[in-house]
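Starting from the known structure of chain A, fit chain B onto it as the hints suggest.
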Amino acid sequence: MSVELLNFIETVLNGLMSGIMYSLVALGFVLIFKASGVFNFAQGVFALFAALTLVGFQTGQVPFSHLINELFGTKLHHWYPAIHSFLAIILTIITMVVLAWIIERLVLKHLVNQEPIILFMATIGLAFVLEGIGDLMWGSDVKVLDVGIPSGGSEWLENATIGLAKEGSEYYGMYIDVLNVWATIIAVILVTALALFSQYTKTGRALRAVADDHQAALSVGISLRTIWVLVWAISGFIAMVAGIMWGTESGVQFSLSLIALKALPVLILGGFTSIPGAIIGGLLIGVGEKLAEIYIGGLFDIGAIENWFAYFMALIFLLFRPQGLFGDKIIERV
Amino acid sequence: MSLKKIQEIPYGKNVIELKNISLSFGGVKALTEVSFEVKRGEVFAIIGPNGAGKSSMLNVINGFYKPTSGKINFAGQERSQMEPELAAKSGIARTFQNIALFKGMSTLDNLMTGRLLKQKQNLFMQALYFGPAEKEETFHREQVEKVIDFLDLQSIRRTPVGSLPYGLQKRVELGRALAMEPEILLLDEPMAGMNVEEKQDMSRFVLTANHELKTTIVLIEHDMSVVMDISDRIVVLDYGKKIGSGKPEEIRKNKAVIDAYLGISDE
Chain A
0 MSVELLNFIE TVLNGLMSGI MYSLVALGFV LIFKASGVFN FAQGVFALFA ALTLVGFQTG
60 QVPFSHLINE LFGTKLHHWY PAIHSFLAII LTIITMVVLA WIIERLVLKH LVNQEPIILF
120 MATIGLAFVL EGIGDLMWGS DVKVLDVGIP SGGSEWLENA TIGLAKEGSE YYGMYIDVLN
180 VWATIIAVIL VTALALFSQY TKTGRALRAV ADDHQAALSV GISLRTIWVL VWAISGFIAM
240 VAGIMWGTES GVQFSLSLIA LKALPVLILG GFTSIPGAII GGLLIGVGEK LAEIYIGGLF
300 DIGAIENWFA YFMALIFLLF RPQGLFGDKI IERV
Chain B
0 MSLKKIQEIP YGKNVIELKN ISLSFGGVKA LTEVSFEVKR GEVFAIIGPN GAGKSSMLNV
60 INGFYKPTSG KINFAGQERS QMEPELAAKS GIARTFQNIA LFKGMSTLDN LMTGRLLKQK
120 QNLFMQALYF GPAEKEETFH REQVEKVIDF LDLQSIRRTP VGSLPYGLQK RVELGRALAM
180 EPEILLLDEP MAGMNVEEKQ DMSRFVLTAN HELKTTIVLI EHDMSVVMDI SDRIVVLDYG
240 KKIGSGKPEE IRKNKAVIDA YLGISDE
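Those protein sequence lines, which keep their order, are chains A and B. With numbering that gives the first Met the number 0, letter number 174 in the first sequence gets 173, and the count goes up by one each step, no holes. With numbering that gives the first Met the number 0, letter number 186 in the second sequence gets 185, and the count goes up by one each step, no holes.
Looking at chain A on its own, in the form it has when it is part of the complex:
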């Protein structure tokens, strides 16, 4: 094989794997949008909040310690030494479920049947409130997140591919971050589990029913509010997985909440109402960015195309297929 081809394969592989991360974030959006018609702007902050909480539990940080210390002159910081990541993850999941319940109680319940724009504004508010609470609870310093997922280049792949190039050419093997491989595996398991759950259990059927038709769902006795709590909790869980991946890669910092913005082009490509759309949209954006960076960037000798290319793709899509690849067709009757 020629070195060019090998480089191309490497770029595509890396693109696919970073795309999986986008898919995970977009998936959280789609689930909530389908079930409650809300575009949840706070999805990115969910990921941040989950990651912060996870680190907090893991290291035994006292929540609100800065606030308490400031008010009462105490010197609280940690109340127990580090605990196992698995336990911390369980605690974080519980926190996200409680969070979903509180959101339903305080926000959604009061805004049922309002215009979508009002619900959207509410989630913007929610994003800022949650970001503030996250800051107050766990502090604003950049934290290291390590739940035991290996990271760094895969030596195995490097060794396996080094011999593939034509003899005599300078080729040092492919580089793929092991963290991304793990992210892919976890995402695949997550999506499969979700698909099986929604296909074969009664609650899964109720979820699909609510996504399809609210009125009909009510008529068979499905409680919309229970389903909303469930959906927001699942989205919170997915946000946590995304938060763990991104947090492990670049530390848990407040810019993590901006991954929500990266999910937007994914949703435009895949369609706001399609779960396969979110996954394939994420992959396309991931691959598209990386290819653009290497090949278009190389052609004109410019860099950082990666940062805006996703939005460019989204714009093109909006021109030709505004409902996305798999979204519901927009049909207007007159």
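In case anyone wonders, no lab produced these hints; they're calculated from the structure. The reader is advised that the hints may include incorrect statements.
Unchecked claim - Computed beta-carbon distance windows for the label pairs:
(1) 76/A - 159/B: 25 to 33 Å
(2) 324/A - 7/B: 53 to 61 Å
(3) 81/A - 130/B: 31 to 39 Å
(4) 123/B - 76/A: 34 to 42 Å
(5) 147/A - 24/B: 34 to 42 Å
(6) 119/A - 65/B: 26 to 34 Å
Note that beta-carbon positions come from the ideal geometry of N, C-alpha and C, so glycine has one too.
Same frame as chain A, now just chain B:
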């Protein structure tokens, strides 16, 4: 809970009593002081010209609309409004005028949603899909198969309902309601847009449900010959007001009813 309440009422006694129900949307009055009662085990029809408030009436019974005034006595309990969830839990199932199915789901899955309230396994067991949870799924699947047999839906079991022809969609919707094993079945124009043969099938299904399962039926229908044939009692609405009620033969002779349908008569 309330399901038991319905079952305690003897056949032929009032199961739903509507007292002076009024409903308005802003300035538009959809219903004005309408009262009637439905007896357990009967086929009860609500008729009237377009815009008479028939569907609004069903929506009040089922809890989709909250009446502006009036009382609903349901299975011996008086309240000023129903809740859709409570209605479903108490054994009221319904179909809609503009079919409300889960279009992306298969016929089977649509019918299975009718069993949701009867499935008791918790989320955790469901997720494991093991032992009791699996048994429960199988049991309810068998119940749904009975409905499928009854309504002749075998060949479209796996078809997404969105792609089915109109008449079949109506039938699937009836199936979903029947899968709930309801005590009371609210049917909003179950035969609208059907040809004669389909109407006959539908009448047969409705009557069988009424005779064999003893389900109380409340239906809205425009086809007078069907209504006169299958209903035990009829209430007639016009412009949101009740203009007549009684047995089919009484309605046929009711002057106000004839006027509403055909314009003012000569006499």
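Evaluated hints:
1. At roughly 56 Å, the beta carbons of residue 76/A and residue 159/B sit outside the given window of 25 to 33 Å.
2. At about 55 Å, the CB distance of residue 324/A to residue 7/B agrees with the hint of 53 to 61 Å.
3. Here the CB-CB span from residue 81/A to residue 130/B is close to 37 Å, well matched to the stated 31 to 39 Å.
4. Roughly 36 Å separates the CB atoms of residue 123/B and residue 76/A, a value that falls within the hinted 34 to 42 Å.
5. Between residue 147/A and residue 24/B the Cβ separation comes to about 59 Å, which falls outside the hinted range of 34 to 42 Å.
6. Between residue 119/A and residue 65/B the CB atoms are about 27 Å apart, so this pair conforms to the stated range of 26 to 34 Å.
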